[in-house]
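Colleague: Protein chains in written order, with this note's numbering: chain W, 29 to 423; chain S, 29 to 423; chain B, 22 to 315; chain Z, 22 to 315.
Calculated from the structure, these hints are not laboratory results.
All C-beta atoms in this analysis are idealised placements derived from N, C-alpha and C, irrespective of residue type, glycine included.
Do not take every clue at face value.
To be verified - Listed below are the simulated DSSO-like cross-link pairs for lysine-lysine, each with C-alpha atoms no more than 27 Å apart in a straight line:
id	chain 1	residue 1	chain 2	residue 2
1	Z	K64	W	K200
2	W	K121	W	K248
3	W	K146	S	K146
4	W	K310	Z	K64
5	W	K115	W	K30
6	B	K64	S	K200
7	W	K200	W	K121
8	W	K146	W	K200
9	S	K132	B	K64
10	W	K276	W	K248
11	W	K310	W	K343
12	S	K330	S	K115
13	W	K343	W	K330
14	S	K276	S	K132
15	S	K248	S	K121
Said to hold, decoys possible - Sample of chain S residues at the chain Z side, in silico, Cβ under 10 Å:
id	residue
16	L140
17	D252
18	L308
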Amino acid sequence: MKLHEADAKSLLLAQGLPVPAWEVAHTAAEVRSAAERFLAAGPVGGKVVIKAQVLIGGRGKAGGVKLAGSPDEAEVIASQILGMDIKGMTVRKVLVGPAADIVKEYYLSAVLDRAERKILLMGSAEGGVEIETVAEEHPEAIVRRHADPLLGLLPFQARELAFAMGLGAHLKAAVAIAQGLVTTMRHYDADLVEINPLAIILESEPGGTPVERLVCLDAKITLDDSALGRHPGLEDLRDPDEEAPEDKEAREAGLTFIKLDGTIGCMVNGAGLAMTTMDLVKRAGGEPANFLDIGGGARADKVAHAMRLILADPKVNAILVNIFGGITRGDEVARGLIEARAQQTRDVPMVVRIVGTNAAEAAVLLEEARFQTASSLDDAAAKAVAASRSEGTPA
Amino acid sequence: MKLHEADAKSLLLAQGLPVPAWEVAHTAAEVRSAAERFLAAGPVGGKVVIKAQVLIGGRGKAGGVKLAGSPDEAEVIASQILGMDIKGMTVRKVLVGPAADIVKEYYLSAVLDRAERKILLMGSAEGGVEIETVAEEHPEAIVRRHADPLLGLLPFQARELAFAMGLGAHLKAAVAIAQGLVTTMRHYDADLVEINPLAIILESEPGGTPVERLVCLDAKITLDDSALGRHPGLEDLRDPDEEAPEDKEAREAGLTFIKLDGTIGCMVNGAGLAMTTMDLVKRAGGEPANFLDIGGGARADKVAHAMRLILADPKVNAILVNIFGGITRGDEVARGLIEARAQQTRDVPMVVRIVGTNAAEAAVLLEEARFQTASSLDDAAAKAVAASRSEGTPA
Amino acid sequence: MSILVGRETRLVVQGITGREGGFHAAASRAYGTNLVAGVTPGKGGQTALDGAVPVFDTVTDAVRETGANTSLIFVPAAGAPDAVMEAADAGIATIFCITEGIPALDMIAAVEVVRAHGARLIGPNCPGATSPGRAKVGIIPGDIHREGRVGMVSRSGTLTYEAVQAMTDAGLGQSTCVGIGGDPIIGTTFLDVLQLFAADDETDAIVLIGEIGGASEEAAAAWAGEHLRDVPKVAFIAGRTAPEGKRMGHAGAIISGGAGTAASKVEALEAAGFRVAGSPTELPGLLRDAGYRG
Amino acid sequence: MSILVGRETRLVVQGITGREGGFHAAASRAYGTNLVAGVTPGKGGQTALDGAVPVFDTVTDAVRETGANTSLIFVPAAGAPDAVMEAADAGIATIFCITEGIPALDMIAAVEVVRAHGARLIGPNCPGATSPGRAKVGIIPGDIHREGRVGMVSRSGTLTYEAVQAMTDAGLGQSTCVGIGGDPIIGTTFLDVLQLFAADDETDAIVLIGEIGGASEEAAAAWAGEHLRDVPKVAFIAGRTAPEGKRMGHAGAIISGGAGTAASKVEALEAAGFRVAGSPTELPGLLRDAGYRG
């Protein structure tokens, strides 16, 4: 689950990391009043920044990040950004804060290193750009350090990272931030905590003397879905726009459903087999309408639920059911299909393939109910594509 | 630093461990009113327990733990226990709580295992008696399990311990308590967390149904003095009776001082050498008046301070100074001795031995100031004992 | 010899008194696996599978009493990492964790503890392993196998079965079929299994079933290109048509920024001498094309 | 060969720019120890000891640039366990930690990390080690030594010097003198050092200086009784007259409930063939009585 920048910053702040002030606003009027407050405090550059809150990269290039020098200007800019479409996501809120006077930008993130089975810290003095770009163009500019798998990021590891990033002059802050990233990751079960840019900014002390400070200017956090159960409060941070309503309904029913653009509905047990089924549909010349994994051990009612989800998409004109029974029992799936068909309002051709556990019982049920069946996966895909073609696009 | 039972229980409670209710009382009247409250709640056995709070074992045998069935009786018993002397410690406060209806007693502790360099959990179904006694009489009755040195006591380790102790019927509570002991130890930097007895007690549910519960009936915690600096709040729990005023003064001056019963004051650098000096004084027929380690690198003022501490004891009639300079510089010590003698009001013979770093400079200073010196430690001890004898006991 | 499981396997099932644990313990035993013990804390002294298998409170007890050397874990996600560490601490050499939905960071610690004990973990979120005709440890249906000399490794569940079935249908038997699991943090990688197959004198060919996301197929390919030059080997990658940025069920199957795409995996595998199939059913034919005569 | 320190020692001092670190680094160097580097985070690129020693930000840098294999730590207590782990992680083989006042539980983790890296930690709260004529790493005054073949081990600081001086005064030189430290949790025990001496072809006799508290002298005695039967060996135990239940400075020196008393230690040592002295000055004579002719 991805978090918005503002929520990610809240979690970092809660773990004691230095994050400049911000407010979240949903209307241009809110932005105006937030801008008034921040500008009244007299930020070093005399401006505020307004940033679109969308769960997708590249919002800067898309015009979703702008500066404003007055409340009036902030309101105008906010009215441009709010409602804007960025790569298919609508901007529903923005972050407002004092525009930082940046001395230098860095990159710092904590990610899961699958190969080493450790938390990996990646840092770079090339901040503010996508790390993938740095990785391609200047791989030597990326510093890597693993956290101890049992103890987290030890102070000496954080120091090594800070020195290697050229942050020796801000050692204490850099160590605290690096350790804080790992603490945040462990505390909230995040997959990714990314600060880009981590920046040295110029602030003015009470007396007016300018002082350099290392702060987290942007923040991206992705949470481990498997661990959300033990962080119930974090579920509230889920952006309803992040998943389609049917994806959400599926998740709550224990199914994994992702809506796609094609015409052939797919119902499969197991993620790898579901992807394979989609691949074979495409290979046979069709277009899958969805990814749907009913998981292991699904019972009849879950199967019926899955079928309703597929049929809710008006573009679907054929359905392919592919079940390789292991934990899942074929006869349960067959019963679910029969039950679902009894309830369904719209008649769509269906090709069913059930092998593995209780496949024989399933075959009897399917034959009695006159389902079209297939023996191999390739055969099933071909039949489903043929059915879809003969149906054409429904009105 | 040892904690009183009541304070130890507070720390356990803060870590979520099950500890029956209690109050601390300093007067018989307070005990009476606490007893009224607890008896009004109708404890299963209809009694309260009154326990002397002293930092020494064996208070039960000494009559420091008693039951009372009424507020009147509680007041009488409290007036007997408060002010009582238990092995040289005066009882200044008592703990009052409902007397538990004990089904079975166990022992459970977390200690530092120096040989393994790990936290060791020791458990026994023979609770309520001193673990040393169990260790001698039924060593096989003690179950041992080390916590993981990096992760603490893992759930499976706690389960193994619980099953081995015969607490399978209270598995969940036993696991939580065992893990809680280690959590408490790590959270407060304790050397020892001991529950004796850990007990299954009978409580009555709201409906009156009796129910068994595993609870910490007594608690002993010793804190690591080296870690007190990072737990400033815990310093307030120090019992002023635990150390003599001069010991405390010494501690605050960075000296380690322990008052003893003899007549020969000792000033040494290093704990091992200080003990050796005492051993040799005794071997030469004298009695050391104190243990005093001035530590490494002591300067003149610290030496003078140490001398004042020694001389504050009227029984002291001779002083042995033994310094092996390493970090400590002999001339600094000599200067401190000269300074101290200039200030001292009472003339006590002194034998000084200074070897190691800057011993030559020290020798010159000591000779100028006409101190009696010694070359070897044995020689120094013999001379100090002779001086003490010729002085006799001061008035 | 097969790898990971075989005739020497002495199996303990952690969570044997649960629904899934009991079902698959019975199936493993029915297949011929030497199932010696079960573990469920608090049920020590009872028996499972109609009296056939003694149940212990702890894995340590099970190892001491039965000499178990392999563990199969069906403990729910909240307790599974602890169960893994318990098995390693008790001296179990090979630990299969079937449990799915374990938080990734919990597994980092568990994997490290297993490594420190010199044990091997397969999974979590894996279907286990079968050495046809010898032993089956996990949830792979037993009847899809055939004895033979092809080593198969996959990080999917049912897709593994599909591929195994395709091999068996084509008459190509297997030495061992291993599902390594689809989670981000797993105990044994493709590379680890390839190394085991390379050292196994009963494995003559390799089938690798990967999917999009991560870089473990690429890592395995790089090693195979060097060390398994002359071994006939084929692969299949699921998710060629999956849209970018969407998570397809497995935590492992997410593509972002070009890394871990099907294209990158296919390229790496082909460069290492794998023939890559467009469908699981093509695997047997490609393996014969690669010179396998088993 | 001596043990722990010698001509192969390439020393890095962690905390070299501090007062004590600088003083003892200079003394170790003056003794002839091959001091190759210092470490102080934030002072990398500077030099210490009047330009003679390069200072690095991290131990990793120091090892890479100078080939340091031994570390001497003067970092304050709050940072010392981290400094120990840093040294181990950087590949330092032998780590001496002089720092006193480190919380015991901090050392549990540090000792485990050192062990996992296959390194050796001596201390904390120890005076270090000297191999007379070869190298001195720590704070033991250099001029009390004499070259020879007696191995000395102690858990005290100044008492060690006292015993070494007594040996030197009597003409008995030392192969290596090691102070293992007086804290409850230390990296290297009496037993460990005896095993090193047993394997050292330049050590012909043993002097062990113990004190009350703990059971490490007893553990070492038990091993020596079996494995060092024919080696002349003497011991001294401090604290014979210490009152029970009082802590005498060293965290290690506390007696409770009869365990760790001077009597129990003396008994164990004598049973193992040690001659136990009543004063450090008696050690040389007893060693000669035990047959040592060095």
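Colleague: CA of W:K276 to CA of W:K248, is that 27 Å or under?
Modeller: holds (22 Å)
Colleague: Take a quick look at whether B:K64 and S:K200 sit within 27 Å of each other, Cα to Cα.
Modeller: Since the Cα atoms of B:K64 and S:K200 sit roughly 14 Å apart, the hinted pair holds (cutoff 27 Å).
Colleague: Can you verify the interface hint for S:L308: is its Cβ closer than 10 Å to any Cβ in chain Z?
Modeller: holds (6 Å)
Colleague: Need the status of pair S:K276, S:K132: alpha-carbon distance at most 27 Å?
Modeller: Cα-Cα ~41 Å, so violated.
Colleague: Hey, W:K343 versus W:K330, does the alpha-carbon distance stay inside 27 Å?
Modeller: holds (22 Å)
Colleague: Does the alpha-carbon distance linking W:K146 and W:K200 stay inside the 27 Å limit?
Modeller: Answer holds: W:K146 to W:K200 is near 24 Å, not above 27 Å.
Colleague: Does the structure keep W:K200 and W:K121 at a Cα separation of 27 Å or less?
Modeller: violated (34 Å)
Colleague: Does the alpha-carbon distance linking W:K115 and W:K30 stay inside the 27 Å limit?
Modeller: holds (16 Å)
Colleague: Are S:K132 and B:K64 close enough, with their CA atoms no more than 27 Å apart?
Modeller: holds (22 Å)
Colleague: Next pair to validate is S:K248 with S:K121; report whether the Cα-Cα distance is within 27 Å.
Modeller: holds (16 Å)
Colleague: W:K310 and Z:K64: Cα distance at most 27 Å?
Modeller: Between W:K310 and Z:K64 the Cα gap is close to 62 Å, so the pair fails against 27 Å, i.e. violated.
Colleague: Can you confirm whether the C-alpha distance between W:K146 and S:K146 stays at or below 27 Å?
Modeller: holds (25 Å)
Comparing the model with each earlier hint shows violations of hints 4, 7, 12, 14; every other hint is respected.
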